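Engineer: Chain by chain, the residues:
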Amino acid sequence: MSNYDFDRVNILLAEDSPFIRSLLVSSLKVLGVGNVFAVEHGGDAIHFLNRVKTEPIKVGVQQIDIVLSNWDMHPIDGMMLLRWIRRHKDSPDRFVPFVMITSYTEPERILEAREMGVTDILAKPFTIKHIGDKLISIIERPRQFVHTKEFFGPDRRRQKIPPKVERRVLTDKSEGVEIIRG
Amino acid sequence: MASNKEVIVRFYRFQNRLKEKTAGLAPGNASISAEALEEAEQALGKMAEDYPDWVSGIIVKLKEQHGRCVDSPEMRRDCFEEINHMAHDMKGQGGTFGYPLITSFADSLYGFTVQRPGEITDNQVELVKSHLDAMRAVIKGRVSGDGGEIGKKLTDSLNQAIEKHEVAD
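Read top to bottom, the protein sequences are chains V and E. Per this note's numbering, the first sequence starts with residue 1, numbered consecutively. Per this note's numbering, the second sequence starts with residue 1001, numbered consecutively.
Next up, chain E with everything else stripped away, as it sits in the complex (with noise of 0.2 Å):
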């Protein structure tokens, strides 16, 4: 195996220790019964439930960190960090519980929220509360899956005010 010879590649070949632990030295293939599945879907679907409280109270947050951006507009830089930061968590998974406008609204925050140099301006702050209000629609309405008229709605109305504020910028 091993010679003088230069060696181009090595390959590591090892037992399947996983599948010892997991399946048992049986041959055969195993699988994941269908109780698990089940109740695994069923935790799932309860964590669901939970979504709206969950979202509901990261907008509460939002809400203070833009109020301390209209009060102490000194302090906008560090707001901004901290409302993208809380941003990120939420567009992750919104799809998964029946809520895809959270995540594109979440987004969208997340996207204009990145720190970049410059000032951070009355008009931006103002977006900040766009998005809010636009999360909060959707959560107070239980607007689920795209929403249908309502959800287009509520996209239409901040994509202009995202529109209407970076022309005044």
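This is chain V alone, in the form it adopts within the complex (with noise of 0.2 Å):
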């Protein structure tokens, strides 16, 4: 078994707390992530990946891996800035891994943010295994994307439960499915 090396990994961290930005930016660092670029709220989380889609050489990267951001923040909170990438039309990638990190873990509000598009959820407090943890989930269980007229995001089922009741199950040979691979 050999060990990730995340030292090509570009994460942007949007964080308005200064101590806790810190404290992950140090945490993803020994960790060996390569590039942490850190933000102090979702608008400027926004601006960031505009700037990584227009200017990428002056940003210094081409591409984001994995967002990662806190939910509450002013101006611009983190589901706004989820939103703005799965659904706005200047997201540079509508298919990037987003963790939401949050002391919010009420069902609904899970439920929430899911809704949204969210790839998963770290909760706070959160210790170094937590975020180790995260980033290998991402790694090795990447989810495909569902696109409906409700819903764009990760596949919200993760486990393959059968149905308790009878419904109609689209596979990939049904009418009015279209699969897309890259």
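Honestly, the hints are just simulated from the structure, not real lab data. In this text, all values refer to a predicted model and were calculated from it rather than measured experimentally. One or more of the hints may lead you astray.
Below, simulated DSSO-like cross-link-like pairs (lysine-lysine); rule was C-alpha separation at most 27 Å, straight line [said to hold, decoys possible]:
| id | chain 1 | residue 1 | chain 2 | residue 2 |
| --- | --- | --- | --- | --- |
| 1 | E | 1153 | E | 1129 |
| 2 | V | 134 | V | 29 |
| 3 | E | 1061 | E | 1140 |
| 4 | V | 58 | V | 29 |
| 5 | E | 1046 | V | 129 |
| 6 | V | 58 | E | 1021 |
| 7 | E | 1063 | E | 1140 |
| 8 | E | 1152 | E | 1061 |
| 9 | E | 1152 | E | 1129 |
| 10 | V | 89 | V | 149 |
| 11 | E | 1021 | V | 29 |
| 12 | E | 1153 | E | 1063 |
| 13 | E | 1153 | E | 1164 |
| 14 | E | 1063 | E | 1164 |
| 15 | E | 1152 | E | 1164 |
| 16 | E | 1152 | V | 129 |
| 17 | E | 1140 | E | 1164 |
| 18 | E | 1063 | E | 1152 |
| 19 | E | 1046 | V | 29 |
| 20 | V | 89 | V | 58 |
| 21 | V | 129 | E | 1019 |
| 22 | E | 1140 | E | 1153 |
| 23 | E | 1046 | V | 134 |
| 24 | E | 1140 | E | 1129 |
| 25 | E | 1152 | E | 1140 |
| 26 | E | 1164 | E | 1129 |
| 27 | V | 134 | E | 1019 |
| 28 | E | 1046 | E | 1140 |
| 29 | V | 29 | E | 1019 |
| 30 | V | 53 | E | 1021 |
| 31 | E | 1164 | E | 1061 |
| 32 | V | 134 | E | 1021 |
| 33 | E | 1019 | V | 53 |
Taking beta-carbon pairs under 8 Å as the criterion, some of the chain V residues facing chain E (in silico) [said to hold, decoys possible]:
| id | residue |
| --- | --- |
| 34 | 4 |
| 35 | 89 |
| 36 | 128 |
| 37 | 148 |
Here are a few chain V residues that face chain E, going by a calculated C-beta distance under 8 Å [as the list claims (entries may be wrong)]:
| id | residue |
| --- | --- |
| 38 | 3 |
| 39 | 17 |
| 40 | 30 |
Even glycine gets a Cβ: it sits at the ideal position worked out from N, Cα and C.
Got two chains here, separate frames each, mind docking them using the hints?
Structural biologist: Below you can see the structure in the form of structure tokens.
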């Protein structure tokens, strides 16, 4: 078994608390993440992503691999950032893995983030091990993206559990299903 | 694949670019090295040592804002916004560094400084001070964890202050 080499990984971190921000930056760096771009809130993150798209050489990064964002920030919070990334026409990568950091762990909050297309949740207070586990999960267990009239985001079904009630199950060959590979 | 029929759902399946980047193309699972994890935990531990200083720094700034509220009532609204912002900063991570009481006091301070219509009364300003006193006592006494007896006392006296001021308003 070999070790991960995060040296070529680019992470965008949006966190408004200076203390937590520096905590996360140093944790990611110690785990070996090559580039951590830290910004203060969702608005700065959007601005940064726009620059990655328009002037990558100047910013020094071609593509962000993972977005790590706090939920509760002013003036643009994590949910607004997530919405922009998943749905806005200017978003440079609508498929980028997005981890929401939050102390809101009530089921309805988690559900809200999931419906908006979040990839994973990092609950506060977190440990280094939690951060490492999230990175591994993103790398080892990527999910297909689903696009329907109501939803765009990573497949909300993580486990293959057969439905309890009889319902129409779409397969790759069903009518109305389109598979896009890349 | 694509037909003239209406598409109900699109599935996007991509190559695992991140895996190629981080673990190469070799089959099998990689892991995060135990040394890296250990080193990162130590970095976190080091930050935990700095945590009381960081909180003390914020308490000083909060105290300045409180002083402004007392001296210049017309500025209370702005000050409360500042206070609210700083309280939000504090409440997130106290638990990680062994100070859940800071999180709970900061959360309470955050809750009652959220902007709402109406005048900000002397009572409310006084209540900010009660919170600051409680936080300062936690940091000064390095009251980590739930703080046992001392922690309970601090929480109770802060709750009493809150009740008192709520009745007064």
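Engineer: So, for every hint listed, does it hold in this structure?
Structural biologist: Results of checking the hints against the structure:
1. 1153(E) to 1129(E): holds, 17 Å
2. 134(V) to 29(V): Answer holds: residue 134(V) to residue 29(V) is near 15 Å, not above 27 Å.
3. 1061(E) to 1140(E): With Cα atoms ~16 Å apart, residue 1061(E) and residue 1140(E) stay inside 27 Å; holds.
4. 58(V) to 29(V): holds, 22 Å
5. 1046(E) to 129(V): With a Cα-Cα distance of about 16 Å, the restraint between residue 1046(E) and residue 129(V) holds, given a limit of 27 Å.
6. 58(V) to 1021(E): Status holds; Cα separation ~23 Å.
7. 1063(E) to 1140(E): Roughly 15 Å between the alpha carbons, so the hint for residue 1063(E) and residue 1140(E) holds.
8. 1152(E) to 1061(E): Distance ~26 Å between residue 1152(E) and residue 1061(E) Cα, so the pair holds.
9. 1152(E) to 1129(E): Roughly 19 Å separates the two Cα atoms, so the pair holds.
10. 89(V) to 149(V): Judged against 27 Å, a Cα distance of about 16 Å means the pair holds.
11. 1021(E) to 29(V): holds, 17 Å
12. 1153(E) to 1063(E): Roughly 22 Å between the alpha carbons, so the hint for residue 1153(E) and residue 1063(E) holds.
13. 1153(E) to 1164(E): Between residue 1153(E) and residue 1164(E) the Cα gap is close to 16 Å, so the pair holds against 27 Å.
14. 1063(E) to 1164(E): Given that 27 Å is the threshold and the Cα spacing comes to 21 Å, the pair holds.
15. 1152(E) to 1164(E): holds, 18 Å
16. 1152(E) to 129(V): Judged against 27 Å, a Cα distance of about 31 Å means the pair is violated.
17. 1140(E) to 1164(E): holds, 25 Å
18. 1063(E) to 1152(E): holds, 24 Å
19. 1046(E) to 29(V): holds, 15 Å
20. 89(V) to 58(V): With Cα atoms ~22 Å apart, residue 89(V) and residue 58(V) stay inside 27 Å; holds.
21. 129(V) to 1019(E): Within the cut-off at roughly 19 Å; holds.
22. 1140(E) to 1153(E): holds, 15 Å
23. 1046(E) to 134(V): holds, 23 Å
24. 1140(E) to 1129(E): This hinted pair holds, its Cα atoms lying about 16 Å apart.
25. 1152(E) to 1140(E): holds, 16 Å
26. 1164(E) to 1129(E): Holds, at roughly 14 Å.
27. 134(V) to 1019(E): holds, 14 Å
28. 1046(E) to 1140(E): holds, 19 Å
29. 29(V) to 1019(E): holds, 19 Å
30. 53(V) to 1021(E): holds, 21 Å
31. 1164(E) to 1061(E): Status holds; Cα separation ~25 Å.
32. 134(V) to 1021(E): holds, 16 Å
33. 1019(E) to 53(V): holds, 23 Å
34. 4: holds, 5 Å
35. 89: violated, 17 Å
36. 128: Constraint on residue 128(V) satisfied, holds at 4 Å.
37. 148: This hint holds: residue 148(V) lies near chain E, its Cβ roughly 5 Å from the closest one there, short of 8 Å.
38. 3: Holds, because the Cβ-Cβ distance from residue 3(V) to chain E comes to roughly 4 Å (cut-off 8 Å).
39. 17: holds, 4 Å
40. 30: holds, 4 Å
Violated hints for the displayed structure, listed by number in ascending order: 16, 35.
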